[in-house]
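Following the hints, complete the assembly by docking chains B and C onto the known chain A.
Residue numbers (our numbering), protein chains in the order written: chain A, 187 to 461; chain B, 25 to 1048; chain C, 327 to 487.
If you're looking for bench data, these hints aren't it; they were derived computationally from the structure. The beta-carbon is built from N, C-alpha and C at its ideal position, and this holds for glycine as well. It is possible that part of the hints are untrue.
[Stated by the list, open to error] Output of the computed footprint for chain A on chain C, the stretches with three or more beta carbons under 8 Å from beta carbons of chain A:
(1) 361 to 374
(2) 389 to 399
(3) 414 to 420
[Said to hold, decoys possible] Keeping only pairs whose Cα atoms sit at most 27 Å apart, straight-line, the calculated DSS-like set for lysine-lysine is:
(4) K475(C) with K349(A)
(5) K202(B) with K157(B)
(6) K453(A) with K431(C)
(7) K374(B) with K287(B)
(8) K374(B) with K322(B)
(9) K452(A) with K431(C)
[Unchecked claim] A few chain B residues that don't get close to chain C, going by computed Cβ distances all over 10 Å:
(10) K200
(11) E694
(12) L835
(13) E870
(14) P901
(15) A1045
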Amino acid sequence: MVDAEELKALIRKKLEEGADAFLCLVDEEGSLVPALVTGADSPDLERIRVGGVRYPLAKILVELLREYPGRRFAVLARGCDERALVELAKLEQVDPDRVELVGLACTEEEARACGCPKPYPTRVDLGERAEPAPEREVIEEAEFLPDPERLRFWEEHFSRCIKCYGCRNVCPMCFCEDCALENPQLVEPGVVPPEFPSFHLIRALDMAGRCVDCGLCDEACPADIPLRSIYRRMQEVMEERFGYRPGEDPERRNPLSELGTEAEIKKIMGSGLEI
Amino acid sequence: MSGNAQEKRDNREKDAGRPPLGSVMVVGGGVGGIQASLELSGLGYSVYLVESSPSIGGVMGMLDKTFPTNECSMCILSPKMVEVASDLNIEVLTLADVLSVEGQPGDMRVRLRLRPRYVDAEKCTGCGDCTAKCPVKIPDPYNAGLNVTRCIRVPFPQAVPGAAVVEGSVCRYLQKGKCGNCVKVCQAGAVNFEDREREEVFRVGMVIAAPGYRPFDASRKTEYGYGIYPNVVTSLEFERILGANGPTQGHVIRPSDGREVRKLAFIQCVGSRDVTVGNGYCSSVCCMYATKQALIAKEHLPTVEPTIFFIDLRAYGKDFEKYYTEAEARHGVRYVRGLVSGIRERQRTKNLLLRYLDEGGCMREEEFDLVVLSIGLEPPCGLAEGLGLELNDHGFARSDPFLPVLSSKPGVLVCGAAQEPKDIPDTVTQATAAAGVASLELHQARGTLLTRREYPPERDVRGEEPRVGAIICRCGSNIGGFVDVPAVVEYARTLPGVVFAEERLYACSQDAQEWIRRLVEEHRLNRLVVASCTPRTHQPLFRETLRSAGINKYLFEMANIREHCSWVHMQEPEKATRKAKYLVKMAVEKARRLEPLAEGESEVIPRALVIGGGVAGMNAALHLAGSGFPVYLVEKEAELGGLARNVHFDYRGEDVQAYLRQLIEGVRREELITVFTGHRVADVSGFVGQFRTLIQDDEGRETLLEHGAVIVATGGGEYRPAEYLYGEDERVLTQWELEARIAARDAGLRRLRRAVMIQCVGSRDEERPYCSKVCCTEAVKNALALKELKPEAEIYVLYRDVRTYGFREDLYRKAREAGVVFLRFDDGLRPRVARSGGSLRVTVPEAGLGEEVAIHADLVILSTGIIANPDNSELAPMLKVPRNAEGFFLEAHMKLRPVDFATDGVFVCGLAHAPKSIEESVAQAVAAAARAESVLCKEKIVTEGVVAVVDEERCSGCGICVRLCPFEAITLDRERRKAAVNPSLCKGCGTCTAACTAGASRLQGFRADQICEQIEAAATAWEG
Amino acid sequence: MTEEKKEGRAEAGGEDDVRILAFLCNWCSYAGADLAGVSRLQYPPNVLDVRVMCTGTISPYFVVKAFQEGMDGVLIAGCHIGDCHYLKGNYMTAKRFQVLREALKFMGLEEGRLRLEWVSAAEGEKYAEVVRSFTEQVKALGPSPLRRKRARAVKGEKGAA
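Same shape as in the complex, but just chain A (with noise of 0.2 Å):
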């Protein structure tokens, strides 16, 4: 169990240091919202919760850092955020050097839950690092299944899709100013459940070598639909092939967003193509 006080301490050391704005989630008559704490002595600091809902804390820094230019900010980051600031700021959404992490670790209750790969930041400032605890329970699932019966799998899945957008919103990693989601070209307006399977496949697609396996996709989605899994599934690609894990590297890119070489491309290539 984190340390209220020790919280409280490492928020104000930040502060303190120069961050304007603390971000964090704090108790808002009874239900934990994200909230930004501006001063050492702000009674927000008593406030503050950790443990129980996720935000999409990444995605609000993005926000807040177009909102107030030059400003700095900390966070209290899971390793989930972390990842996702990490792609971001590759991505040229978030400025590192505005941001500042206070790293909190999951509990192993927390991993467990979430199935996650690694339930801790690099710097871990807060609680203690539990066990990674990955799942391919789904995966594995429908890759047992022959090709007309795993097509029929997700067919199945996806028909309980309302087309919320849950999906999208909630992600960290989702930030375009028009989403191919919204294209009348790709995804046929006004048809519910979206038609299958290019929906949930060109999200997929844009999740390859960017989704930070943070798992709030499945937690947004109404229709309990395995989303996490497809992704999870993109990024196992993404590794095999290119041996690239998003959130992981900072100096490394995803290789679906730089050219590279000719040798990279021909060893890529190697398997069962004619060069």
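Quick look at chains B and C alone, frame taken from chain A:
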């Protein structure tokens, strides 16, 4: 001629004023003349293109295919012909002969005889009504007389001008005052029997002679029975038989009975390499065209068994050797080395019995269904009489040994086969070079006589609903023979947005362009779809037509229903028709979404960079400097001169070292040339008009050069043999080492008793499957020099084919007469060299006799091949230009763009391109310089409309596009979080667009929404 | 034969009538297809092609859309690695293809319905062979399950209207 054209000429005469005059007359309307004219127009001169027949096009217009790519000849030539026709600064004068040429460079007077056409080309629509009513049949000259046409007819479908012509000597009206049917039926009132022959004098700055060649008259070789046996045809006739637009529509059938040909023979060297008919030279192209014809015949009729009877297979050009070996190994073309001494005809079957001497000396006889005589190229008429040029011993135009486009007469340049027999790319190269030399003479008058194209203002169509016009081309029978064109037209009419759809026999013909312009006006079209052939060749033509009709040229889309449909589904007409419909639908759906695009302009730095200070590089530099453009000449070695430093005399005895000294001196003296010896190119950025190149000297000191064009003249290397004891025994030399000794009058050579030369060392093998082109001539030349030095010395040349093409054949004959012994060996059975006592023992399995011959020699001379410059691999990515498998640079188009790269503003010449002789390198260098000049002489360069743009509203500034751009054309404004594309750098690949999940990055003309429409059209078409 | 397969056949004139969309880059593969045409190499008429300047411009969305619209197979053909007219455009094609293929596979669409080939401007014969073999391959798979689904939906719509 129209009043308008007459007026234009009067103006030119008046304004012509003081010399030099900014105009050139090009004599000959074949591919050489066409190329020279287009080039001159691009360089800023007005042109008269004079052609003796009723249409430009020349022999290339009659060819079915071209080697070694098997591309359709008319398909690549026709766009150029149309370009000539639509160029305001080129006036085509057909049925015209040169009577005399006088004057000085800069101020020439040409007297022309203009023969009557009897049809007003401006009024004639080429409808063909007159031909249908004409009672007089004549052999069709376009089809080499194999079928008949009428006395009045359009020469051929793609003719320029596309107007009818009357054959006056057989016309009933003109001869007997009867008939006149054509006058009656011509609704345009174009027939004019009052037309008379007249003479006119033209004032121009320079004259370029490109009259081509005269085909050898095969009936002179009586032993082959041409003109007597119906199934003996010339190669030009066979070309027409193969032509899909020829008398048999490409069916390989024989004239006597229309039966399909099974056994097909080609006899090489008919009228070439034959002193008995007075033609001692090699015609240079016949081995390759026979190979091509054999391949195409097999393609048209797989059961054909072609046999080529030849002496030496001369596959010496770029990629020719591979073409030949594949023809033999993969496509079943049979090559027989043997001289055909006579042909007899079997009376009943009209089959032909060929008697030939095989290599072993045995007389053999074999029966064939059809015999093609590979006729040689003879000099054209009028070189001496009309043009007043001096001729060489063979009757071709005598020309400068190092710059072959310079004729004997100042003010007159010569190019193409009239100078020496040659193929299309060499002709195009020389034509470009001739245009460049003309410009060198006239550059002070550049632009003074130009007429600028006035386009009608572009109609703003942005608010309009799409009104698509769809033209479905029959392409004669190429499409119409397999696709139900009327059904496609009907279907097109049902498509949304289509307000007009009609078929056309040839959508690319000149009159069709006029028709399209009228359609645009009549139907207020704002989009055009042409369903015909490939946009890769014909899109520019239709875009130009659309623009001249006042519509933005990017509002055009093509459906390729020929290459991608009718030609590949010949056995399934119904499905081909269905596919054609769907392709049309896809094009229409895309067209509906097209928007007008603007072309940008960018500045030109009027300086050039020449990379390589050999013969090619120095010539290119001198040429550009001579035309007034500063040049940076970069050479990695400490000295200028390149590989030519190894060559002392050429096959005509010219002193190459003296020439080289004169070149170097010229470069050093020329103020506009800055020479950087000991420098390498370290980095190149920028684009056509604005390159920035970083060069480095040996100590790493850098210099930044800014220039508008680049000429790559990096030269080649010499193969260093590891075989035949080279490097182990000092008596084993390369030809260049021998030549150095000959030039130095080495006393040791006077003691020579026996020498053996081995050909194809490092050439035509597995590692280097190409011919180095120069080594045969080199060997023969040195063999003769040795003979001269010591007549009693025995010289043996071990060869595979003696490839002394063109006039080099004289030397080969001379060598044999002088007693040089030529022994042939087969591939895979190479000679062996061993030390044996005091001499070298060379053994070779002599191919003809099939016996091993052993020669004890004092000297063994290796004819080593030319290899690509290893530096090319570094330079290619910097310049963004490709190389072929052998490491030589790969030009933009093998036939028609021999010195261009696909990358604008970068040109290639000399050995960097492929092995070639010095004079060929020089011609190519001047051609490359002329091409560069055409960039540098423009104030601004117009950039393409198909470039990427960023829709700022949708851009989140993620920067992915910036990193994905292979040309570094995109920059990111981090403050505003917006990307922006530099249209001058953007090449329009669209790699950025596919990565933009927000759809902010778009490739104009290939936008995602347009492609999505095509996808949807494809899918829904199928659903019906 | 399954019920669905029969249905597919009934709707579209048989399984032979597979529908394939090809994306061809202008400089190599489109030219290769042109060469196949000039050389009169015969191949099945089941392919409709979309010309793009470079395969690098082919968004994975296009392929998704093609399948969604009922295409049975999608062919992407571009310059050999190293030959790209735009130097490296096809690198991205190669990478995106890896991801796309796996994504489609994971969704349950047969792997054989998507193919990437490098065809140069000189490889007319190869282009023809690619179309022949790919058409055969797609024929063997039969109409795409998505096409059958779509056909039902279209029929349903018509019925409703």
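Going through the hints against the structure:
no., hint, in the structure
1, 361 to 374, "violated (count 0)"
2, 389 to 399, "holds (count 4)"
3, 414 to 420, "holds (count 4)"
4, K475(C) with K349(A), "holds (20 Å)"
5, K202(B) with K157(B), "holds (14 Å)"
6, K453(A) with K431(C), "holds (21 Å)"
7, K374(B) with K287(B), "holds (13 Å)"
8, K374(B) with K322(B), "holds (22 Å)"
9, K452(A) with K431(C), "holds (22 Å)"
10, K200, "holds (46 Å)"
11, E694, "holds (35 Å)"
12, L835, "holds (35 Å)"
13, E870, "holds (37 Å)"
14, P901, "violated (7 Å)"
15, A1045, "violated (8 Å)"
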